[in-house]
Structure formats: C-alpha cells, structure tokens
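Novice: Chains as they are written, first to last, in this note's numbering: chain A, 1 to 102; chain B, 1 to 243; chain C, 1 to 107.
Careful: at least some of the hints might be erroneous.
Here are the in silico distance ranges between beta carbons for each label pair [stated by the list, open to error]: (1) B/85 to A/87: 52 to 62 Å; (2) B/24 to A/46: 42 to 52 Å; (3) C/29 to B/89: 20 to 30 Å; (4) A/13 to B/88: 41 to 51 Å; (5) C/32 to A/83: 44 to 54 Å; (6) C/51 to A/87: 50 to 60 Å; (7) B/166 to C/87: 35 to 45 Å; (8) A/91 to B/233: 30 to 40 Å; (9) C/104 to A/99: 46 to 56 Å; (10) A/92 to C/43: 50 to 60 Å.
Short, incomplete list of chain B residues facing chain A, as computed with Cβ under 10 Å [claimed, not checked]: (11) 45; (12) 208; (13) 209; (14) 212; (15) 236.
List time: in silico DMTMM-like cross-link candidates among lysine to aspartate or glutamate, alpha-carbon distance up to 25 Å [what the hints assert, rightly or not]: (16) B/73 to C/75; (17) B/118 to C/75; (18) B/20 to C/75; (19) B/191 to C/2.
If you're looking for bench data, these hints aren't it; they were derived computationally from the structure.
A virtual CB, placed ideally from N, CA and C, is assigned to each residue, including glycine.
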Amino acid sequence: MGHRLSGIGLAIFLPFHFLLLGTALEGAEGLEAALAFTDSPLVKIAEWGLVMLLALHFFFGLRVLLLELTRWPNHSETLGNWVLPGAIASAFVGIIFLLQIF
Amino acid sequence: MKAIQNSEQLLSVRIWRGKKDGRFVTYQVPVRDNQTVLDVVTEVQRLHEPGLSYRFACRVGVCGSCAMMVNGKPRWTCRTHVNKVIDEDVLTIEPLRNLPHIKDLVCDMAPFIDTWQKAGAPFSSTQTRSQPPAKVDPESPTRRAADASLQCINCGVCYSACDVVNWNRDYLGPAALNRAWTLVNDVRHSKRQQTFDMAFSEGGCGSCHSHGNCTRHCPIELSPSESIAGLKRLAFTGLPKEL
Amino acid sequence: MERRLFVVQRLTAMILAPLVIIHLGLILVAVRDGLTAAEILARTQGSVFWAIFYGLFVLVVAIHAPIGVRKVLKEWTELEDSTINSFCWMLALLLLVLGFRAVAAVV
Numbered sequence: 001m002g003h004r005l006s007g008i009g010l011a012i013f014l015p016f017h018f019l020l021l022g023t024a025l026e027g028a029e030g031l032e033a034a035l036a037f038t039d040s041p042l043v044k045i046a047e048w049g050l051v052m053l054l055a056l057h058f059f060f061g062l063r064v065l066l067l068e069l070t071r072w073p074n075h076s077e078t079l080g081n082w083v084l085p086g087a088i089a090s091a092f093v094g095i096i097f098l099l100q101i102f
Numbered sequence: 001m002k003a004i005q006n007s008e009q010l011l012s013v014r015i016w017r018g019k020k021d022g023r024f025v026t027y028q029v030p031v032r033d034n035q036t037v038l039d040v041v042t043e044v045q046r047l048h049e050p051g052l053s054y055r056f057a058c059r060v061g062v063c064g065s066c067a068m069m070v071n072g073k074p075r076w077t078c079r080t081h082v083n084k085v086i087d088e089d090v091l092t093i094e095p096l097r098n099l100p101h102i103k104d105l106v107c108d109m110a111p112f113i114d115t116w117q118k119a120g121a122p123f124s125s126t127q128t129r130s131q132p133p134a135k136v137d138p139e140s141p142t143r144r145a146a147d148a149s150l151q152c153i154n155c156g157v158c159y160s161a162c163d164v165v166n167w168n169r170d171y172l173g174p175a176a177l178n179r180a181w182t183l184v185n186d187v188r189h190s191k192r193q194q195t196f197d198m199a200f201s202e203g204g205c206g207s208c209h210s211h212g213n214c215t216r217h218c219p220i221e222l223s224p225s226e227s228i229a230g231l232k233r234l235a236f237t238g239l240p241k242e243l
Numbered sequence: 001m002e003r004r005l006f007v008v009q010r011l012t013a014m015i016l017a018p019l020v021i022i023h024l025g026l027i028l029v030a031v032r033d034g035l036t037a038a039e040i041l042a043r044t045q046g047s048v049f050w051a052i053f054y055g056l057f058v059l060v061v062a063i064h065a066p067i068g069v070r071k072v073l074k075e076w077t078e079l080e081d082s083t084i085n086s087f088c089w090m091l092a093l094l095l096l097v098l099g100f101r102a103v104a105a106v107v
C-alpha cells in the first residue's frame, strides 16, 4: 500500500522535476531563478516529502524484490516483518535530509 | 464468561442471518470443553434456530466445506476451538468474505471454483491408461516443490483472506495459483506451459502483492505466497523443458 | 504480455535500486547550505559519468513508472484497459522527452 502510493506520488512529481532541470537549457540563470523558489520553508517541507517518497518506494521495493525472488525458510513470517524496518530506514533518511536543509 | 445459568457458563454468539442486507442475531450457547466453532453453530441450529443455513460435511478438517469468518478472520470452523478465538466473551460468525452470500452462513463458492479453471488447474496426463505409471523421483526438486503445496482442501479461506481478491475480483487468488504451481512442477502434466501461461495471464500471479494473508490464514499451513513467488521466479527464466 | 511486463518491471527495479541509492546519497550531501545552479552545473557539465548516470536513470524510470501506474489504474479504477494503456504510453513518452531534455540541459 505504502509502496504503491509512494510510487504514484513519484510518477506525478517526476515530470515537474524534469521541467525544472530543463530550465537550465536557457542558461544557468534560468535554473538559478527556479531554485530561488526552493528557499521558502513550505517548499522545503514539500521537498522533504519527495525525499521520503523516494526512500519509502526504494525500501518497500527492495522488500518486494527480496521476498519474491529469493527463497526464505519462513516465508510467511518474513513477509510482514519487513514493512516496519523499511519505514524506519526511510524516516532515518528523512531526518538526515531535514538536518541538512535547516 | 458473564451469564451463568443452570450452573452452566453461557457464550454469546452473534450469527449473521439473511443475505447481504441481513443482520446479526445473538444466541446463548453453553460453554463446553473442547468446543469448536462448528459445534456452536450446530448447537444453535439444532436447539435455537432450525432455519439457520450453514455448510459442513466431515467435521474433521478434510473436506474444506465449513469455512466461515470467525471474529473477522476466515477459519475452518470444525478445527477451530472456541477458546482460541473468543474475543471478550463474544463469538461473531459470518459467511466468508469475497464471495457472494446466499443465505446466513452459506456462500456461493462458484466464483472461487471458477478461478481454478482460469489458472489452468485441470490435470492432463502425458500418458494413457494403458501405459505403466510414470516414475517420479520423490527427491527431485520439482517434486518436492509440488509436494509442499499439494495438500490444499479447497476451503476458500485464503481466497477470503486475500486483500487483492477483495479489491479486484478478476484476480485468480492464492488457491488457484498454488494449484498451478503444483502442476507446473509435475512431470506427468502434459500442459505445463499452458498452465503457466494461464497462471500468469491477466489477473494472474503478476497481481499478487505478497501481503501473505493467504499463508497466514491457511488452516493446513500451506504457503500459497511461496508458490506464487515460485511462479514469479519462473517468469524470468521460462519453464525448463525437462523437469 | 502480463508476464513480460512483470519481468521488465522487476529488472528495471533492480537497475534503479543502486541508482536511487546514489541519487539519495547525493541529495543528502548536496542540499547542505542550499542548492545553487552553479553548484549543480559545475558537478554535471561535461561529466561523462553523470551524463550516463542520469541518462540511464531517465530511460529506466520511463519504463518502470508507466508499468507500475498501469497496474495501479487497472486494480483501482474502472477505466477501460485501452484507455489505461494509452495513458501509460503517454506517461512514458512524457517522462522520456522531459527527462532527456533535463539531462541535456545539465550536462
């Protein structure tokens, strides 16, 4: 569930991410002006959300890959047990990001 | 246990009556030693509510016909002891989730049975009746894989437990895909490729989310999720020509 | 068809995993003291490594994301399959075009 919601979120965000970077086509000034927009705290919170989405999608995706493509002695128990560590690891990434930007 | 009557403890049982737009009716049933949920339902029908509809046959966990929702979880009621599942002295019994309700505790199992056909479940032998029985090495990896998933009693508990079935009725579900996995690993099955293709068609194992509810609820402790994972692994390599 | 998409989805996921680790790591390091265009471009411009890195990233994402979105739309919406398929093709093209445009802009 978290895996697909974060995936959808990323799919919606990516075109905008590319558009922003594309502004650099008109020279560094274009990108600079666009980046100035990221200074406001609200945008920083939104960016944090994006980093979290990517981290969550990564860890939950890793879980799916490992579960499906490798063999586990206790498959049923292992299945559920990986969601929480994935979420915690993502939160960890999120905290580092917050520490870095503020 | 709350009410004590005639020096016997009583158990409150909420049972679903009617179809989709039905209601819960509460019955009081004496607590007995080693009582199963099916015992309780039978007692209600014999002594309180002769019109109560439910299914059972063997009463010993072989036939797979008595599955119901017990306190919100699908279970085989004949092998489920009341004292293991009771919650605050109340037992709530409903028909299986994810299947059309017919009346009271009875579901229409047809959609579940249909999934087996769609997953390529019918066995088709490579040999004829006049040939000697096939020699199968019981220690071969494929035979062991098939054996591990073989004992399914078609009770529908996993189908009812599955969240993907719940939101998408086109999904074939754990039991049918588990069956497909046993056939794909069976040297004697002549349509292994066809079964594999059907198990991976629209609504097949590509739709499984590996939540593992099937495995968690399977009364005989099979692991449909491991079977489906096996099919998924085969998707990368294709079926081996020889088993 | 479903099987092929499934395999492609898992293979692209395996390619994406290390790319995402690097990307996330870089984000965490680079955002200290804020981002500037000069800083980003100094890192990426003329670098063959980052050109290949981001080029591959865009390509694989443009495959991975539409397949995932297709599956979600199929399971959660009542839309016709053909509608979903064409929407996802457009999404793939959009990601591909915008993505490569962005990579071209920064390297």
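Novice: For each hint, tell me whether it holds in the structure or not.
Specialist: We went through each hint and held it up to the structure:
1. B/85 to A/87: 52 to 62 Å: Given range 52 to 62 Å: violated, Cβ gap about 30 Å.
2. B/24 to A/46: 42 to 52 Å: 47 Å Cβ-Cβ, so the 42 to 52 Å window holds.
3. C/29 to B/89: 20 to 30 Å: 58 Å, violated
4. A/13 to B/88: 41 to 51 Å: 46 Å, holds
5. C/32 to A/83: 44 to 54 Å: Hint violated: Cβ distance 31 Å, outside 44 to 54 Å.
6. C/51 to A/87: 50 to 60 Å: 34 Å, violated
7. B/166 to C/87: 35 to 45 Å: 25 Å, violated
8. A/91 to B/233: 30 to 40 Å: 31 Å, holds
9. C/104 to A/99: 46 to 56 Å: 33 Å, violated
10. A/92 to C/43: 50 to 60 Å: Distance hint for residue 92 of chain A, residue 43 of chain C is violated at roughly 25 Å.
11. 45: Since chain A brings no Cβ nearer than about 34 Å to residue 45 of chain B, farther than 10 Å, the hint is violated.
12. 208: 9 Å, holds
13. 209: 8 Å, holds
14. 212: 3 Å, holds
15. 236: 8 Å, holds
16. B/73 to C/75: 24 Å, holds
17. B/118 to C/75: 18 Å, holds
18. B/20 to C/75: 24 Å, holds
19. B/191 to C/2: 20 Å, holds
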